[in-house]
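Novice: Here the protein sequences come in this chain order: A and B.
Here the working numbering is used: the first residue of the first sequence is -6, the next is one more, and so on.
Here the working numbering is used: the first residue of the second sequence is 471, the next is one more, and so on.
Please note that a few of the clues may not be correct.
What the hints assert, rightly or not - Straight-line distance between alpha carbons at most 27 Å, and here's what the computed DSS-like set of lysine-lysine pairs gives:
hint : chain 1 : residue 1 : chain 2 : residue 2
1    : A       : Lys347    : B       : Lys529
2    : A       : Lys91     : A       : Lys258
3    : A       : Lys98     : A       : Lys347
4    : A       : Lys98     : B       : Lys529
5    : A       : Lys258    : B       : Lys529
6    : A       : Lys258    : A       : Lys98
None of these hints come from the bench; they were simulated from the model.
Okay, here's what each chain looks like letter by letter:
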Amino acid sequence: MAELAIQLGVVLAYLLVALIIGVIAYRVTTNAAEDYYLADRSIGTIVLLFTTFATLLSAFTFFGGPNIAYAQGPEWILVMGVMDGVLFAILWYLIGYKQWLIGQKHGYVTLGEMLGDRFGSETLRGLVALISLFWLFPYVMLQQMGAGEALTGLSNGVIPYWAGAALITLFMILYVVIAGMRGVAWTDTIQGLFMLSVTWIAVVWVLVAVGGIGVINSGLSSSNPEFLALGSDFYTPAYIISTAVVIAFGVTMFPQINQRFFVAKSDRVLKRSFTLWPVLVLLLFVPTFLLGTWAAGLDITVPEGANVLPVLLNEYTPVWFAALVIAGAMAAMMSSSDSMLLSGSSYFMRDLYKPFVTPDVSESREATLARIGVAVFATLAFFASLTRPGTLIEVGNTAFGGFAQLTLPVMIALYWGGVTRDGMFAGLVGGQLLYLSHVFVPTVTVDVAGMTLPLFARAYAGWDVALPAMVVGAVLVVTVSYATAPAPTEEHDRFVVSAD
Amino acid sequence: MADRIVDVLWVVAFALLTVFSVPWFLWGDGTVVAGLPAWLWWHIGWMVVATALFWQFTKRAWDRGMGVTNG
């Protein structure tokens, strides 16, 4: 009972402190919409690096990752390396820097705004925002599921799943409604540094408590002898490649990441973040995923529906420390969810509400509507998270796969002036429909020429269906663009940046 | 002309960086060095290599790659 009081006390106190810091940050900002969304377009290197880094500080990293390392071995570290350390960094340059250059010239704030202006189509603008908001929904759910499962694990089942999910939802809404983006950018930085530190302290603590890595490895060699060898029936080359490619491409179209491409103060900020990226990935993912793997070698039993990380920490570190790590993770998740929700509300107001509902909305009314939108979105995601449609990794992958369907059409449009409006619509709608049908239509098998083939499966021969769907979208953009003429309202020189 | 060759080299370097982020030649290998699998050490070293390569890229080719002359 005393343990539960300490756990709850630490978690609640931490979340409250994070909220108060957010409110203080709010006091030094104004209420104008531009400021609320983008912190005045004046984000410096460390803050940009950490607000982008903070989007990695999600339930996926802290809980989903260790869970999968516990169940299947540590190879996810490599998936993260290819995906986040290398591919995402390259896309950061190819998409991010290009968008930054275009944004500097024309003052865009959202992806939909940029595309809508280039192709002279408000419908395209709205469609891009709608697709983004659709896939943002499961990613917010993921944070709520992660928090629910974390508190269940920490309290050994005493705190029910729904209570943890509800707690983080409440704080998300309070935080974003009171604080806005300046608060988010600030606290992202503090929380990112805090979580990096406590994660490494946790690694050392566990190592000392169990008597060294030799003990863990000999435990692993009897419990899961296949874990330390590279590759397995689960981690096939097809799985590693398709997961890494889909997620890396998907991440660039996340509203909160994509908007960061427009906000950097100077290109030096983008360059430095790009350079430091692989090292940050290394510092964060190696310890978290190793902790999950070690739990398997230490014979940790995880209760049904709980995350492995809190259970491991409870076993080998003091109650308060385990609670502090989980609280820090939850606060970081809250903070990054807020970046998502804020970007989502910016997409909603700028690209859907203003163009299609009321164009001349006052600034204060816009800020109010944005806050209401965030509260409604987070509440709906909370109710959906109660159905627990899959594991954290599965829900995360589904969301990334949806965003990834935007990436290739956008990239082609950024670099090839020959893309037409029809081509853009064909690629976006085609890729989405193909992927959506595979997510929502149950798998059926058909017999063709004596072979049994699956249809509407999430993976074919081990390859995530999101990858072929991306290819189909890209092919549609190119072929339809060749077959159609540009619409009169298109401005195909909008994305040319080399003229200056 | 020289710029063009350098551009091709950058593309090749990024391609190699991506492909060997996973040490395919260690597939199925479970050798443990200093407590961690050899392939994990590869990953750690590779991320440092990636940062070094990215740093050089920002100094040498960042703006030329986009065809702009920016500060």
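Novice: Next step is simple, just say for each hint if it's right about the structure.
Specialist: Here is what the structure says about each hint:
| no. | hint | result |
| --- | --- | --- |
| 1 | A:Lys347 to B:Lys529 | violated, 42 Å |
| 2 | A:Lys91 to A:Lys258 | holds, 14 Å |
| 3 | A:Lys98 to A:Lys347 | holds, 22 Å |
| 4 | A:Lys98 to B:Lys529 | holds, 23 Å |
| 5 | A:Lys258 to B:Lys529 | holds, 18 Å |
| 6 | A:Lys258 to A:Lys98 | holds, 13 Å |
The earlier numbered hint that this structure contradicts is number 1, and it is the only one.
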